[in-house]
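Be aware that the sequence shown starts at 0, since it is given in numbering that gives the first Met the number 0, and climbs by one per residue.
The set of hints was computed from the structure by calculation and includes no laboratory data.
Be aware that one or more of the hints could be misleading.
[What the hints assert, rightly or not] Only pairs whose alpha carbons sit at most 25 Å apart, straight line, appear in this in silico SDA-like list of lysine to any residue:
1) Lys68 / Ile112
2) Lys19 / Lys44
3) Lys44 / Ile28
4) Lys96 / Asn52
5) Lys31 / Asn52
6) Lys68 / Tyr80
7) Lys96 / Asn126
8) Lys31 / Lys96
9) Lys94 / Pro133
10) Lys65 / Pro133
11) Lys65 / Lys44
12) Lys94 / Lys44
13) Lys68 / Ala47
14) Lys31 / Ser56
15) Lys94 / Ile109
16) Lys94 / Arg73
17) Lys65 / Leu87
18) Lys44 / Ser56
19) Lys65 / Glu97
20) Lys68 / Lys31
21) Lys68 / Asn117
22) Lys65 / Val17
23) Lys68 / Tyr95
24) Lys94 / Gly22
25) Lys65 / Ile112
26) Lys31 / Ala47
27) Lys96 / Ala43
28) Lys19 / Phe135
29) Lys19 / Gly142
30) Lys19 / Arg125
31) Lys65 / Ile90
32) Lys88 / Arg73
33) Lys68 / Asp136
34) Lys19 / Arg70
35) Lys31 / Phe53
Only a predicted model underlies this, so the values are computations on that prediction, with no experimental measurement involved.
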Amino acid sequence: MPYKFLYEAYGEYIAYHVAKEIGFEDYVIPYKLVDVELKDSNNAKLVACSSENFLSSGESFYGIGKFAKDRGYRFQNTSGYGLYNEILKYIDIPKYKEYLERCLILDYIILNIDRHLNNIGFIANRNGISRIPPIFDNGACLGCNMNLVPEIKWSDGMKFYFK
Numbered sequence: 000m001p002y003k004f005l006y007e008a009y010g011e012y013i014a015y016h017v018a019k020e021i022g023f024e025d026y027v028i029p030y031k032l033v034d035v036e037l038k039d040s041n042n043a044k045l046v047a048c049s050s051e052n053f054l055s056s057g058e059s060f061y062g063i064g065k066f067a068k069d070r071g072y073r074f075q076n077t078s079g080y081g082l083y084n085e086i087l088k089y090i091d092i093p094k095y096k097e098y099l100e101r102c103l104i105l106d107y108i109i110l111n112i113d114r115h116l117n118n119i120g121f122i123a124n125r126n127g128i129s130r131i132p133p134i135f136d137n138g139a140c141l142g143c144n145m146n147l148v149p150e151i152k153w154s155d156g157m158k159f160y161f162k
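Using the sequences plus the hints, can you model the full thing?
Take a look at the structure:
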């Protein structure tokens, strides 16, 4: 049975295991690789990733980008250390600095190119900010979402290397 790939599933899976190895296990979502049967003419399978929902009943994830926009905040810095400091000025949650630092460290190690202001944030409930979310949306790492290294030929065989 042929396989179709969403390489970002491997990125999420690898990022989780890298995070575990560097002691960030409590800050990331555990991902598992799963086969999904597709209903197409080839009876193909899709390799995807799966995780538990990190939100409890009545909670929502609130990205920093949306939070700032809703309050009319305009960040003076669009990236780097200045933006990091501005975020910390607006978000007053215990251990939030540590959360941001771990996001940055993990992204650096795994070469994540998709960390933006709507996939870092906080979890809110009807009473306001309730807690820090896990680090998620790490799939655009290590070239898993594009052919960054032409010598790497992504193929059906890659599934077995990542297992």
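Each hint tested on the structure:
no.	hint	in the structure
1	Lys68 / Ile112	holds, 23 Å
2	Lys19 / Lys44	violated, 28 Å
3	Lys44 / Ile28	holds, 24 Å
4	Lys96 / Asn52	holds, 24 Å
5	Lys31 / Asn52	holds, 13 Å
6	Lys68 / Tyr80	holds, 20 Å
7	Lys96 / Asn126	holds, 22 Å
8	Lys31 / Lys96	violated, 28 Å
9	Lys94 / Pro133	holds, 12 Å
10	Lys65 / Pro133	holds, 18 Å
11	Lys65 / Lys44	violated, 36 Å
12	Lys94 / Lys44	violated, 41 Å
13	Lys68 / Ala47	violated, 33 Å
14	Lys31 / Ser56	holds, 23 Å
15	Lys94 / Ile109	holds, 23 Å
16	Lys94 / Arg73	holds, 24 Å
17	Lys65 / Leu87	holds, 15 Å
18	Lys44 / Ser56	violated, 32 Å
19	Lys65 / Glu97	holds, 21 Å
20	Lys68 / Lys31	violated, 34 Å
21	Lys68 / Asn117	holds, 11 Å
22	Lys65 / Val17	violated, 29 Å
23	Lys68 / Tyr95	holds, 20 Å
24	Lys94 / Gly22	holds, 16 Å
25	Lys65 / Ile112	holds, 20 Å
26	Lys31 / Ala47	holds, 8 Å
27	Lys96 / Ala43	violated, 44 Å
28	Lys19 / Phe135	holds, 14 Å
29	Lys19 / Gly142	holds, 20 Å
30	Lys19 / Arg125	violated, 32 Å
31	Lys65 / Ile90	holds, 13 Å
32	Lys88 / Arg73	holds, 12 Å
33	Lys68 / Asp136	holds, 21 Å
34	Lys19 / Arg70	violated, 35 Å
35	Lys31 / Phe53	holds, 15 Å
Violated hints for the displayed structure, listed by number in ascending order: 2, 8, 11, 12, 13, 18, 20, 22, 27, 30 and 34.
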